[in-house]
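The whole structure should be built from the sequences, with the hints applied where relevant.
For the protein sequence lines, the chains are A, B, C and D, in the order given. Residue 1 is where the first sequence starts when you use the numbering used here, and the numbers rise one by one after that. Residue 1 is where the second sequence starts when you use the numbering used here, and the numbers rise one by one after that. Residue 1 is where the third sequence starts when you use the numbering used here, and the numbers rise one by one after that. Residue 1 is where the fourth sequence starts when you use the numbering used here, and the numbers rise one by one after that.
Certain hints may be false.
Repeated chains share a single entry, so a pair holds when one copy, or any two copies, can fit it.
To be verified - In silico lysine-lysine, DSSO-like type, Cα no more than 30 Å apart, as pairs:
{"no.": "1", "residue 1": "K210", "residue 2": "K389"}
{"no.": "2", "residue 1": "K152", "residue 2": "K210"}
{"no.": "3", "residue 1": "K415", "residue 2": "K361"}
{"no.": "4", "residue 1": "K198", "residue 2": "K210"}
{"no.": "5", "residue 1": "K226", "residue 2": "K115"}
{"no.": "6", "residue 1": "K76", "residue 2": "K55"}
{"no.": "7", "residue 1": "K77", "residue 2": "K46"}
{"no.": "8", "residue 1": "K441", "residue 2": "K210"}
{"no.": "9", "residue 1": "K77", "residue 2": "K115"}
{"no.": "10", "residue 1": "K192", "residue 2": "K403"}
{"no.": "11", "residue 1": "K198", "residue 2": "K361"}
{"no.": "12", "residue 1": "K55", "residue 2": "K152"}
{"no.": "13", "residue 1": "K389", "residue 2": "K152"}
{"no.": "14", "residue 1": "K226", "residue 2": "K53"}
{"no.": "15", "residue 1": "K389", "residue 2": "K277"}
{"no.": "16", "residue 1": "K361", "residue 2": "K226"}
{"no.": "17", "residue 1": "K53", "residue 2": "K441"}
{"no.": "18", "residue 1": "K415", "residue 2": "K441"}
{"no.": "19", "residue 1": "K115", "residue 2": "K198"}
{"no.": "20", "residue 1": "K53", "residue 2": "K198"}
{"no.": "21", "residue 1": "K441", "residue 2": "K389"}
{"no.": "22", "residue 1": "K77", "residue 2": "K441"}
{"no.": "23", "residue 1": "K55", "residue 2": "K441"}
{"no.": "24", "residue 1": "K76", "residue 2": "K441"}
These are computed hints drawn from the structure, not numbers from a lab.
4 protein chains.
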Amino acid sequence: MQLRHMNQFIPLQGIISENLPPDKHLGEADMSTIEISKEEADPDEKERLERIKNKPLLVECFNLFDFEFVARHVMKKTAWAYYSSGADDEITMRENHSAFAKIWFKPRILVDVDKVDYSTIMLGTRCSAPFYVTATALGKLGHPEGETVLTKAAHTHDIIQMIPTLASCSFEQIRDAAVEGQTQWLQLYVNKDRSLTKRIVQTAEGQGIKGLFITVDAPQLGRREKDMRSKFGDIGAHEQRSDNDVDRTQGVARAISSFIDPSLSWQDIPWFQTITKMPIVLKGVQCAEDAIKAVEYGVQGIVVSNHGGRQLDYARSGIEILVEVMAALRERNWQDRLEVFCDGGIRRATDIIKAIALGAKGVGIGRPFLYAMSAYGVEGVERAMLLLKQELEMNMRLIGATKISDLNPTILDLKSIGTHSVPTPTDVLSSQEYDGLLVPKSKPKAKL
Amino acid sequence: MQLRHMNQFIPLQGIISENLPPDKHLGEADMSTIEISKEEADPDEKERLERIKNKPLLVECFNLFDFEFVARHVMKKTAWAYYSSGADDEITMRENHSAFAKIWFKPRILVDVDKVDYSTIMLGTRCSAPFYVTATALGKLGHPEGETVLTKAAHTHDIIQMIPTLASCSFEQIRDAAVEGQTQWLQLYVNKDRSLTKRIVQTAEGQGIKGLFITVDAPQLGRREKDMRSKFGDIGAHEQRSDNDVDRTQGVARAISSFIDPSLSWQDIPWFQTITKMPIVLKGVQCAEDAIKAVEYGVQGIVVSNHGGRQLDYARSGIEILVEVMAALRERNWQDRLEVFCDGGIRRATDIIKAIALGAKGVGIGRPFLYAMSAYGVEGVERAMLLLKQELEMNMRLIGATKISDLNPTILDLKSIGTHSVPTPTDVLSSQEYDGLLVPKSKPKAKL
Amino acid sequence: MQLRHMNQFIPLQGIISENLPPDKHLGEADMSTIEISKEEADPDEKERLERIKNKPLLVECFNLFDFEFVARHVMKKTAWAYYSSGADDEITMRENHSAFAKIWFKPRILVDVDKVDYSTIMLGTRCSAPFYVTATALGKLGHPEGETVLTKAAHTHDIIQMIPTLASCSFEQIRDAAVEGQTQWLQLYVNKDRSLTKRIVQTAEGQGIKGLFITVDAPQLGRREKDMRSKFGDIGAHEQRSDNDVDRTQGVARAISSFIDPSLSWQDIPWFQTITKMPIVLKGVQCAEDAIKAVEYGVQGIVVSNHGGRQLDYARSGIEILVEVMAALRERNWQDRLEVFCDGGIRRATDIIKAIALGAKGVGIGRPFLYAMSAYGVEGVERAMLLLKQELEMNMRLIGATKISDLNPTILDLKSIGTHSVPTPTDVLSSQEYDGLLVPKSKPKAKL
Amino acid sequence: MQLRHMNQFIPLQGIISENLPPDKHLGEADMSTIEISKEEADPDEKERLERIKNKPLLVECFNLFDFEFVARHVMKKTAWAYYSSGADDEITMRENHSAFAKIWFKPRILVDVDKVDYSTIMLGTRCSAPFYVTATALGKLGHPEGETVLTKAAHTHDIIQMIPTLASCSFEQIRDAAVEGQTQWLQLYVNKDRSLTKRIVQTAEGQGIKGLFITVDAPQLGRREKDMRSKFGDIGAHEQRSDNDVDRTQGVARAISSFIDPSLSWQDIPWFQTITKMPIVLKGVQCAEDAIKAVEYGVQGIVVSNHGGRQLDYARSGIEILVEVMAALRERNWQDRLEVFCDGGIRRATDIIKAIALGAKGVGIGRPFLYAMSAYGVEGVERAMLLLKQELEMNMRLIGATKISDLNPTILDLKSIGTHSVPTPTDVLSSQEYDGLLVPKSKPKAKL
Ligand code: HEM
Ligand code: HEM
Ligand SMILES: Cc1cc2nc3c(=O)[nH]c(=O)nc-3n(C[C@H](O)[C@H](O)[C@H](O)COP(=O)(O)O)c2cc1C
Ligand SMILES: Cc1cc2nc3c(=O)[nH]c(=O)nc-3n(C[C@H](O)[C@H](O)[C@H](O)COP(=O)(O)O)c2cc1C
Ligand SMILES: Cc1cc2nc3c(=O)[nH]c(=O)nc-3n(C[C@H](O)[C@H](O)[C@H](O)COP(=O)(O)O)c2cc1C
Ligand SMILES: Cc1cc2nc3c(=O)[nH]c(=O)nc-3n(C[C@H](O)[C@H](O)[C@H](O)COP(=O)(O)O)c2cc1C
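The following block contains the structure:
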């Protein structure tokens, strides 16, 4: 048990293994094996295997939601719970996508849109589209080949991948899966032991990693109840539980917290600048004040993000923060002093276009690619990327934009961004007593 | 298969046939025949035929939604999918109607409303009411006689019809279905081959068409997933699919895109003005800036529209654009320099009155007439028009207006137009744990 | 059939009978008898009678919604349809009550509220509470004794009743049901034949009626589809229908319109002032401009109302109009030049208190008393009134008000009145793919 | 029957018994015994006992909603009805929690959050967290040991408990359950007989109570229909009812009102200041004006609260009042002249943090602890407190705050507080006719 949980958090093994204290030194995770024994006993598992056999053809997936739908039905319950869960009541997690519905388009007509080019440059790398695969931990929960699946699809589509510190494949495996010249970035959780962190960063830089994304929104890993509940279920089936178990799940979070340094602060930034020449990007900026500070500290970029709604509930969506951040930067004419990225809830090309038009250089996509990977492997992720590109081309054309630089705030209606409409509780009696309108009745059958 | 799809897009055959490149020269579409073989195999088809037999009497349709209800039950699934679908998540498609709920009335009382006259003049033609039949492609999917059904009903009610470039009947057939003096307009998709476009326009003008509506919101035809999925279903039942099918649907869209010229731009407008004396109207204007440009380019009108929500999702509703456009025109005192029309989501006379009061000369209605036609043919469309007129008379009276020119912004409460309220995601636990209020209980039955 | 409808609508018979053209002269309606023959055939009718037998005890009705619930189950379908229906999509009808949810309280504490007095004076009559029974046509549909049921309950509770022109009991019957000194008002539909109208008004004044409410929001009676459909059902079951029936319902509306004069206008007001000394109140004012006019024309009062949502859909709620009207009157310091009443959607004492605090002298209540009457007769209406009074006492105490004049705008939070929030259409895929949060699971049963 | 109700409400017996008029002198309540006879007859009761046997393990409760879920299933129906009910349509009751969704966070990153300390000082007492157990009547309905259960858990977690005047245990019992030095406050309903009130207050002070919370939002106890209905059910099953029962429930409220003095007013405050040195706090302040007055009258604190939504429906949520109150205090620079507390709807640490950041010294929590107590006794309440603390630590860290004084308005996005969004009634036809988007279909099973 303990073992199983520990295994889940062996990050960047190639780099780290030598540096880990012995009790964290457990060799590579083989999740498929570990899970199997348990799952066999599970009566639901048979049905799941049946569902896998009959899963829809890949070509029947027409948008990113479709992969989520299929994944939900074919993934192991615990894996689904881990990927799909968010903090507390998952308000922020869902707000992330729904916030995009507060922004509407003001398309221009009669523009020659014969040729549309949505390629762009992020942190110096030209890539085929303004989105990237963001870092997500524990890829092997969804697919036996883990993060390397994403690497391969990213290559097919000339898309940048961000490698997570807490990957389930080793850093070397992920690098090896990439082809010569394929750009990857590194997402970094900073360790209390800074010499370990230094070695990770420098190894990555040495291996050609092109950007260092320091996660700043996770001094402690979030409480995700869906995930806790799913684990509890497993445990409960096998063991005698006592009420002293109270803190076990919490304990895991704490174990990680001892790995992630909660004392990391602005004071540490200059040190990072001494140990690497990679552009440094702060992942998880959540208000204008911190974006301004980021410029002042001389970092190369920020990701406005709330960690996919997995950390603090009622944190605002990335897209809403983006509006505030860009306004503050433009006020000081600092919008070119760093690159702003945005993630959280991106599901449609229209979402991407909104972020780019507001001023983002690119957007990160997390769960959708995990779902595509879990349901259909490399081909799934490739199709997900293809669909996004088809939508991008179509929608830029319909907006009257032929290139990324045509996308700017004048094509957006932003009046409603920033409002959080909370419907007044329904008047139960009044609404249940209402007798809805009817539709015309069919003729009664001749007989009967 | 290929054949079937190609056939669907043979527009304006009479005019075009001589000009089409040979591989697009396929003769008139007979959709009913083509579909039949497949439908016979369909087990659902029997139920549908049963439903047709028992469909409600026409007189039981009391509003435009009723036709939609009946059509959904009696139309072929693929035809229903084509008519009813919209872009992406169909947010814009539904917003089109629901945006009208943001506008409320400030009716005037104690006005002599004995006589109410809602007739009006559009592009120089007096007609019985301020709405027209807008252009919609592929009428034969819904009714074997296609667009001519609309022509006949339009005549009965003295309503203008706009003929689509992509009609399933030939242009001549549609003209012939009209009676002497009946006004029709032409909706135009501009071809890469401008000589072809020129011939279409001039033929139309020669045959007495009274207005040229150039569609400017469709440089590429939209992705409508409901439609794609319905087609996929069909195909899947017959053929071995491989994942290389990925782009087939896309391919059809592209075939059409090669017919519709995506490079059409403002620079082309003067040319149109040289080839015709018909009033030129741009169909699909979506912001004030382009409305201003339209005046500057000297066209006679614009339709604020998002193509029925079939092109770009999160494009704003026609009625919301109308508010913005009229404000910009009035600011320059240009409101009389062109006629502004509006379409999208019109289902009630109150919707029409709102648009007219804001400044529109008339409104276009698409799907409701298609549904009335599909469910009940000419008589259906006639009743749909009659119901709208009855509602118009009633509602103008209740507003205190006796003629079109009485309708102006002072009768409207516009405070909420332009807001896009997106409810915060529900707090699932909090709401599911709420125990609703109860109603009084009946006495228990004497026995039991 | 024809007969049945005719009989139902013999209003103010005592007064009118002598003046009606012979073909409208049909004697008193006995609806219970007339209906029976048809209802016997109805298979649903048996179930309804069963439901009546088991209906909840009157004391189990704790609020006005409860009467609606019971009435829906025990009333005849057509009667229910007539009472409960509203115009078009019934948006305004439902908005009427839900608009009250836009106003919140700012109660004052530490006020001596030992004694609470909510009696008030309306048009010179002191009465026990600031609400009255508004005029509603066709009382006999709900109860064999029709409007006289309301008269009796009104007396018990010292509440004013407004007698409808289109009552199903004769005017004399309703007057006779009242006790000596009981105040009643008259609601007036103005006839094309002004001498008839004059006689009605003067007879009423002669018999001691204390106020003349001229309905100004119904130059034509509304289209209520629920009601139309319910009638259609009946007809359809018995007769061969042809599509020429199209206009039958419409025809009726027109017949009534010929009774109600749609040419009534401000020019007629001085004439009314010459024929009666009763205070004149315009029922159905819907914007500030007309309220101002009402003062200028010297009438004694107005009712801000949209006829219970039965006339024009998207007309604003009475309470919202009230805010606008009071602001306009106060701006000119005219708030004491006429009495403002308000009706529509009043269901709770909190609704009443909001209207009074905004400046209304009293509020009218329509459907709730009809439902109480239909379900439980006089005792039902009495209990409905009692419940309102109990709520009034309680809520005034909790607000820190001991008398009507303590209720003023400072106890209200009005920030949200006037906004019409229309939720953006839901992102179907995104919301259906969301996997809600779970609750703890029960232990599995010992066995199994 | 009568007896049962009497017994339930013997508050503060130790203090009061000597002072009560003889007819209110009934000895200590033993609810479990009294209820049993009736419940045995109840067929639902067997199922409830079954549910209790299988209730989830305590460790499976991961948040405060979980306790509500379990309590709903294991509590007696009448007890559940009493705890869970609110005034009228329970709009305010539900608004209390949902209002928190109008406030969002602007977390700060890169703050050293290694150590987080959420302890604080309220009315001079240091305690482990900024929440307290607020006063709720009738604890024995939920647990045979009543309020002492809360006392014990409060001690475990170093949390302050407020003792209710209307406790079901005697005041002495509750004091005795506390350990030496454990801080308790007293909630006071003021009696018409001030000498009785004086004795209660002085006894409490003598026994070391550290704060006097005078409830000012309940001059009359609220009408809670869910509760009324649940009682009616019971009665109905046993007795012959007549319609004269109308006022029975009302009568009880009146009996209580004769106990609680509705004439209590600001004039009484100076008197309280003469009889005690305990800090005086007004519980139930609901607008800025009264908060200002409270300062002027020299009390030590206020609780912005609406009594858990149990008194006046459409009273605003505590958190919304808090915003208004703090603004008014800060405007006069009076924010340190009294301590402001807040209660109502607190369910998550994020709720607590929002209130504290706005300026509250602490928040009261009512129902959640009652539910935890009813479902799991002392251990349940302890776990509820533990969960809140875990959430507090986590969320403060994620916000970038290490101590209570770091929480201030700059971490909040308050743009939407104060708006009461009431969705326009849905367009039933339009929404029911919408044909939702589909998801990919599974392959048909090989056979079949
Ligand atoms: C003096 C003559 C009449 C008067 C005063 C009268 C009055 C009324 C009134 C007050 C209503 C309900 C109005 C409302 O909803 O507010 C009504 C409805 C109706 N009346 Fe009459 N009526 C008259 C003659 C007739 C005649 C001649 C017919 C039939 C041939 C008729 C058939 C109906 C029907 C079917 C309705 C229901 C209308 C609906 O569905 O909205 N009435 N009438
Ligand atoms: C010193 C005497 C009494 C005290 C202090 C007292 C206190 C209370 C309290 C605190 C409540 C609940 C209040 C709340 O909902 O916040 C209550 C409710 C109730 N009491 Fe008493 N009570 C007393 C005497 C009585 C008597 C004499 C009766 C009956 C004859 C009675 C019957 C009830 C009933 C039926 C309820 C439920 C009320 C409802 O449904 O809202 N009580 N009482
Ligand atoms: C399963 C999962 C694991 C994640 N793990 C990490 C991580 O280890 N480090 C990190 O910085 N962000 C992590 N994230 C956050 C993502 O980088 C990104 O911010 C977020 O997923 C974007 O939202 P989306 O999933 O809606 O696209 C994770 C997200 C998910 C869903
Ligand atoms: C099935 C269908 C086909 C359409 N085809 C065309 C077309 O060929 N050309 C065009 O300009 N607009 C086309 N439209 C858009 C309509 O002209 C119009 O903008 C829209 O239908 C109005 O919205 P409504 O359907 O809600 O009334 C089509 C709309 C539908 C529903
Ligand atoms: C069944 C019914 C019949 C009505 N008949 C009349 C009428 O004849 N004359 C009139 O002025 N108002 C009439 N009204 C409108 C009412 O006077 C009042 O404006 C409305 O009912 C108030 O709304 P409420 O029903 O929500 O309380 C009628 C309303 C109903 C429900
Ligand atoms: C069952 C119950 C009984 C209550 N009894 C009292 C009371 O006797 N005196 C009082 O001042 N407040 C009383 N309250 C109000 C609480 O002190 C507090 O204001 C409220 O419960 C806070 O809301 P919450 O339940 O959502 O946390 C009671 C609340 C409940 C739920």
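Hints violated by the structure (numbers, ascending): 8, 9, 15, 16, 18, 20
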